[in-house]
Amino acid sequence: MTAGQITANQPGQDALEHAGVAPFGPKPRRVSPGRIGIYVFLVIAALFFLIPVYIMIVTSLKGMPEIRLGHLFSLPAEPTFQPWADAWLHACTGRDCNGLSPGFYNSLKITVPSVIISIICASINGYALTFWPYKGANLLFGLLVFGAFVPYQVVIYPLIIGLSSVGLFATLPGIIIIHTIFGMPILTLLFRNFYAALPVELFKAARVDGAGFWRIFFSIMLPMSVPITVVAVILQVTGIWNDFLFGIVFAGRSNWPMTVQLNNIVNTTTGVREYNVNMAATILTAAVPLIIYFVSGRWFVRGIAAGAVKG
Amino acid sequence: MDMAQNGTSVSIQDLSLNFGAVSVLKTLNLDVAEGEFVVLLGPSGCGKSTLLNCVAGLLDISEGRIFIKGKNVTWEEPKDRGIGMVFQSYALYPQMTVEKNLSFGLRVAGLPKEEIAKRIARAAEILQIEPLLQRKPSALSGGQRQRVAIGRALVRDVDVFLFDEPLSNLDAKLRSELRVEIKLLHRKLQNTMIYVTHDQIEAMTLADRIAVMKGGVIQQLDAPQTIYNRPVNRFVAGFLGSPAMNFIDGRLEKDKGDWYFVVEDVRIPLATYAFEKEPAPGPAVFGMRPEHVAFNSGTGWPFTADANVEVVEPMGSDTLVWLKLGKQNFTVRVTSERTPSNADAVNIGFDPMRASLFDAQTGNRL
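So the protein sequences, as listed, match chains R and P.
Counting from 14, one number per residue, gives the positions in the first sequence under our numbering.
Counting from 1452, one number per residue, gives the positions in the second sequence under our numbering.
Bound conformation, chain R alone (with noise of 0.2 Å):
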């Protein structure tokens, strides 16, 4: 009995007896049966996704004569960047042939207010909801939570009255109201859940040291919310680049984000379809969204897990 507590409670010692004993029984393997099913599948799944991109990618380096021979998988011949420059500054939507680039322009006019306004409000909200409960507090986070789950189409059609009643429907500031107002649930729950997960001691000790509702939000709540933050925006920004429906309803013919002008150079047929103009055009449209996730994919995962595992 003696013996062996010394020995147990002697690490070191223990150590040094044992040093030249092999551990028993098997070796844990480090490739498994189960591993390789695994990687397998997984190449044949990216195979599977990465074939139309690349065959986009080939397509919009091909010229229209190479592209009529029907060799969808081959390298293209003579490589040319043609298409891409028609796409981005010739492709014609109607009538007007001034490329892709107008929608470009337009999409950033819309996603960067919208962004950076439902991220305000959002977090304002969070932090409202969480620190300064006031009566009903619940039950309006409750509805806006419902909103998350309400169909788009349903609400459309009020909001276009309600809109062009005060002048705003088919404008810049129309659209970005709307984009903003759509953001609110998700982003709002986002936030609340974030701000719900840190000690609300320190909530408390903000209000000892007299910081009132702004002080505490911009000089300690804010800068603690970097990680959501960079969710939110990723978030948002890739929600509304990709928007169409609100964007061919709302944003009035004039400020006709990217994709409903991708989709306007793709479906005019005058003449021959140019493929490779259209792959070279969904490839641009989609390059914003694509950048943003490889930039801060990582920053995504981290954010995500700060706000929802957490606490």
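It is worth saying that the hints were derived from the structure and are not from the lab.
Predicted model, so just to flag it, every value in this text is computed and none were measured.
Beta carbons are placed, not taken as given, at the ideal position from N, Cα and C, and that holds for glycine.
One thing to keep in mind: the hints can contain errors.
Just a sample of chain R residues kept apart from chain P, beta carbon distances all over 10 Å, derived [stated by the list, open to error]:
1. Ala-35
2. Val-44
3. Val-56
4. Met-77
5. Phe-94
6. Gly-155
7. Gly-160
8. Leu-176
9. Thr-184
10. Leu-215
11. Val-221
12. Ser-232
13. Ile-233
14. Met-237
15. Arg-266
16. Ser-267
Here are the simulated DSBU-like pairs of lysine-lysine, each with C-alpha atoms no more than 30 Å apart in a straight line [as the list claims (entries may be wrong)]:
17. Lys-1551/P x Lys-1634/P
18. Lys-1530/P x Lys-148/R
19. Lys-1564/P x Lys-1587/P
20. Lys-1587/P x Lys-1520/P
21. Lys-1520/P x Lys-1705/P
22. Lys-148/R x Lys-1477/P
Got chain R sorted already, so can you dock chain P onto it with the hints?
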């Protein structure tokens, strides 16, 4: 109902707090003298932290009034109450350096730069955190963080310090070190301090007076020794002391003018016990602390008995012996030299003067 008299620092009058239908604090009264160290002690959920939050102004109370330094602060903002607060989770602002953490409240109040620098220098010196001033809280150990948190209360130059379980997140060694430091700090500053804890050692060592709480009511408010030796009810008796007090359920009987506590064949004479008032015969609970029992030390005690040893727990400094006294479980604390071996028949003795008798129904001290 009058203004707090001179020398009273914090006065809580008829304070009640309800969350909806749940009553958390029930018409509670507490006066804390100037420079006094009062510890609120109780199990979790007894309302001690809630009471502290009410004093700090972080919770709106339902009824009653709170005076600090003779000023009615019942509806004042926390910052206007003249309090500093230290939290269990330190609650340091993570993106600010230690210095910025300390100065945040002063900057909010708009104090001049030189004054802020002066106060931070003083607090840093008292708490010996000068080398840490430019670090972020994440680069500090738990003990250092709690020092900074105390510093944040210190720089506010307040009359009353509120501690909300400040040491509970620290390991045992650090806890005992910081406990001494808080005691030294209190001696140096002479501030009023209200300290919430569930740790009876902290309460016993730090307090001038302990308020033992249960279910939103202060059970007993007294000096630590009084609470320990003369608990007003069974809850207080059982909550303080480790190992816990021995409780024996039995009967009070009067025989030829003398009171006896009787359980089965054990008869404890109570001639030396000081009753609160003349008792009535009937069911009662006899309480005796394990360290007030003499062990194998002759028959010179008002009560002696033979007992059988069940289990022996050596703890280094002393030994806990679990006995059977008749059919009752009974623990005795003995010095480690006198540790008996298992299954010894031993002899115990005690003076009922040190006992506590409680009413079997109400649990109140008899």
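Taking the hints in turn, this is what the structure says about them:
no. : hint                    : verdict
1   : Ala-35                  : holds, 37 Å
2   : Val-44                  : holds, 39 Å
3   : Val-56                  : holds, 40 Å
4   : Met-77                  : holds, 57 Å
5   : Phe-94                  : holds, 46 Å
6   : Gly-155                 : holds, 18 Å
7   : Gly-160                 : holds, 27 Å
8   : Leu-176                 : holds, 40 Å
9   : Thr-184                 : holds, 39 Å
10  : Leu-215                 : violated, 5 Å
11  : Val-221                 : violated, 5 Å
12  : Ser-232                 : violated, 7 Å
13  : Ile-233                 : violated, 6 Å
14  : Met-237                 : violated, 6 Å
15  : Arg-266                 : holds, 46 Å
16  : Ser-267                 : holds, 43 Å
17  : Lys-1551/P x Lys-1634/P : holds, 26 Å
18  : Lys-1530/P x Lys-148/R  : holds, 24 Å
19  : Lys-1564/P x Lys-1587/P : holds, 21 Å
20  : Lys-1587/P x Lys-1520/P : violated, 35 Å
21  : Lys-1520/P x Lys-1705/P : violated, 52 Å
22  : Lys-148/R x Lys-1477/P  : holds, 24 Å
When held up to the earlier numbered hints, the structure conflicts with 10, 11, 12, 13, 14, 20, 21 and fits the remainder.
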